[in-house]
Amino acid sequence: MQQRRYGRPCLRVLSFSCLLLLLPSFLGSVGAYKNYTVGDSLGWYDATMKSNVNYQKWADGKNFSLGDFLSFP
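Position one of the sequence shown corresponds to residue 0 (numbering that gives the first Met the number 0), numbered consecutively onward.
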């Protein structure tokens, strides 16, 4: 008598299904971060310097996400 082997095909289907479910999450995260220069061309000023930049107004036009980089030149 020949034995039926269901284990390996089911494992392949399960593995392939998991890959299909996880693939969009990997593709969506590639390049998802952005680099922002605080103050754009006007730059960053600390409290000891005179600033002509309204940082609140600058930040209002941005949509920051986890993983974004802020540079303070």
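Rather than coming from a laboratory, the hints here were simulated on the basis of the structure. Note that this is a predicted model, so its numbers are computed, not measured. One or more hints might be untrue.
[Unchecked claim] Ranges of calculated distance between the beta carbons of each label pair, as one might list FRET restraints:
1. S70 to V12: 45 to 51 Å
2. L20 to F63: 47 to 53 Å
3. Y54 to C9: 56 to 62 Å
4. P72 to R7: 56 to 62 Å
5. L41 to L65: 23 to 29 Å
6. A31 to G60: 15 to 21 Å
7. F63 to L41: 39 to 45 Å
8. C9 to Y35: 55 to 61 Å
9. N34 to C9: 44 to 50 Å
10. S16 to G42: 27 to 33 Å
11. S64 to P8: 27 to 33 Å
12. R11 to N53: 24 to 30 Å
[Said to hold, decoys possible] Calculated lysine to any residue pairs in the SDA-like style (CA-CA distance at most 20 Å, straight line):
13. K33 to L65
14. K33 to V12
15. K56 to A31
16. K56 to T36
17. K33 to S70
18. K33 to F15
For glycine and all other residues, C-beta sits at the position ideal for the given N, C-alpha and C.
Okay, the hints, checked on the actual structure:
A beta carbon spacing of about 47 Å between S70 and V12 agrees with the range 45 to 51 Å that was offered as a hint. In this structure the supplied range 47 to 53 Å is violated for L20 paired with F63, their Cβ-Cβ distance being about 28 Å. In this structure the supplied range 56 to 62 Å holds for Y54 paired with C9, their Cβ-Cβ distance being about 57 Å. Range check, P72 to R7: Cβ separation about 58 Å, and the 56 to 62 Å hint holds.
Between L41 and L65 the C-beta distance comes to about 26 Å, which sits within the given range of 23 to 29 Å. Separated by about 19 Å at the C-beta atoms, A31 and G60 satisfy the suggested range of 15 to 21 Å. For F63 and L41, the hinted distance range of 39 to 45 Å is not satisfied, since their beta carbons lie about 19 Å from each other. Between C9 and Y35, the C-beta spacing of about 48 Å breaks the proposed range 55 to 61 Å.
A C-beta distance of roughly 46 Å is found between N34 and C9, which places it inside the suggested range of 44 to 50 Å. Evaluation of the 27 to 33 Å hint for S16 and G42 yields a failure: the beta carbon distance comes to about 51 Å. As the Cβ distance of S64 to P8 is approximately 41 Å, the hint placing it in 27 to 33 Å is violated. Between R11 and N53 the beta carbon distance is about 59 Å. The supplied range of 24 to 30 Å is therefore violated.
Between the alpha carbons of K33 and L65 the distance comes to roughly 10 Å, so the proposed pair stays at or under 20 Å and holds. Straight-line distance between C-alpha atoms of K33 and V12 comes to about 37 Å, which puts the hinted pair past the 20 Å bound. Between K56 and A31 the CA atoms are separated by roughly 24 Å; this puts the pair beyond 20 Å, and the hint is violated. A C-alpha spacing of about 14 Å is found between K56 and T36, which places the hinted pair at or below 20 Å, so the restraint holds.
A C-alpha spacing of about 11 Å is found between K33 and S70, which places the hinted pair at or below 20 Å, so the restraint holds. Note on K33 and F15: the hinted pairing is violated, with a Cα-Cα distance of about 32 Å set against a maximum of 20 Å.
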